[in-house]
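Go ahead and model the full structure; you've got the sequences and the hints to work with.
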Amino acid sequence: MEHTGIHELSAAYALDALAGDERREFEGHLTHCPDCRATVASFQETASALAHQVDMPPPPPSLRDRILEQARRERSNVVPLRPRWALPATATVAAVAACAAIGLGIWAASLNNRLGDRPEAVGLIGAQGSLIVNPSGEGTLVVRNVDPAPPGETYEIWVIQAGTPVPAGTFAGGDRVAVTLTRKIPDGAIVAVTLERAGGVAKPTTTPLFRTGAV
Amino acid sequence: MARDLAHLSDEALVALVARADDSALAELYDRFGHVAYGLALRVVRDPALAEDAVQEAFLAIWRSAARFVPERAKASTWILTLVHRRAVDVVRREEPRRTEPLEAAPQPSANLTEDEAWLRLRRSRVQEALRRLPDQQREALELAYFGGFTQSELAERLGEPLGTIKSRMFTGLARLRELLADTGREEERWNTPEFTS
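Sequence order for the protein chains is G and H. Using the numbering used here, the first residue of the first sequence is number 1, and each one after it goes up by one. Using the numbering used here, the first residue of the second sequence is number 1, and each one after it goes up by one.
Hint data in this document are derived by calculation from the structure and do not stem from the laboratory. Glycine residues also receive a C-beta, built at the ideal position from the N, C-alpha and C atoms. Honestly, I wouldn't trust all of these hints.
Okay, derived cross-link-like pairs now, SDA-like style, lysine to any residue, Cα gap no bigger than 25 angstroms in a straight line [claimed, not checked]: (1) K166/H to S42/G; (2) K166/H to G28/G; (3) K74/H to G188/G; (4) K74/H to V54/G.
What the simulated footprint calls covered on chain G by chain H, stretch by stretch (three residues with Cβ under 8 angstroms from a Cβ of chain H suffice, anywhere in the stretch; the number is not a length) [as the list claims (entries may be wrong)]: (5) 14-20; (6) 37-45; (7) 122-134.
Written out as structure tokens, the structure is:
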């Protein structure tokens, strides 16, 4: 499609008036069209002003409680749990949650950022720090105040895509850890860290201690 | 652990949410929950579905706050965009589509809180801006945004070529952006610290 034609779709996209396949196609266009990204960002601001147009009753108070309760429950999924549990179920849940978040649409801002020159930093859930990902998918995990791994054990990093964790490096812990992942991070994957036996294992045997949101 | 987050900007709250601070999520909900629910309800036309859409959107905020880039967009836009996308996806799953108008519930006018008063001012400005749009552009914007229709469904519904609908939405949104920018400048003037603190 010629550019002016597709540029016009910025409005339909901002209004969420594209069908699923059209939406995906336009998001593909956005990845290499800074003009359209800028138009979408400004149109989304205009469109969201429409939300203020109508006088509607307030939500029931229970909704607030439900949201906060669910949010806290998700966070507690990633704190250390003993006794040990097999990871795959947890990882799948987390990966599904991550995909659900992405399914809400590629947010133009994050898209912009991912395609820009500077790396993207993704916060960690369950620990202080972030995962820095450059546009080609290479990642560095930066985390603070991680207790040294017990003797005979190591922290192992996992890149989890579509519910399948693959090993991406190990580290010993410490006040300031910066470790480059041995594996590229595909779009939509999450990165998690478990405690494993020294030397690392091929598949996680414990629940994640902390993780990122979707990268 | 009650902390006063009221002085923080929306963007600062999102940054705290990215660090899994649930009190910041609560504050964001307190700021945007009402507008978010109103938007979702207007789109999905069913209180239970509207609650689902708002809940999913706020959990998406919780999970993906780290991806928010304040240089690129306002937090309020990000949040309402997530809510709207969620609501539209919900309504498109529901068949048949309900199209009867939903009565807005007028709020009691006495004892407005300051927030409600600002909301009301904002609302009257958006309504005024919409009134100044040509009818066909306003219709296209409202059906798309509140009806959850795709552009192709709109073309069919309005009996117009798809190209006409696309350009109505584009021109309408561009014009609305101008009109809101005009009122926004006015609002900014009144919303400066010497008037609000």
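Structure-based check of all given hints:
1. Annotation: proposed proximity of K166/H to S42/G holds, straight-line Cα distance about 17 angstroms (limit 25 angstroms).
2. With a C-alpha separation of about 19 angstroms, the suggested pair K166/H and G28/G falls inside the 25 angstroms cut-off, and the hint holds.
3. A threshold of 25 angstroms between alpha carbons decides the hint, and for K74/H with G188/G the separation of about 23 angstroms falls inside it, so the pair holds.
4. Taking the CA atoms of K74/H and V54/G, the gap is near 21 angstroms; set against the 25 angstroms cutoff, the hint holds.
5. Only residues whose C-beta sits within less than 8 angstroms of a C-beta in chain H count toward coverage, and the region 14-20 of chain G has 6 of them, enough to reach three; the restraint holds.
6. Counting residues of the region 37-45 of chain G whose beta carbon lies closer than 8 angstroms to any beta carbon of chain H gives 5, which reaches the threshold of three, so the coverage claim holds.
7. Interface restraint, the region 122-134 of chain G with chain H: holds (6 residues with C-beta to C-beta distance below 8 angstroms; minimum three).
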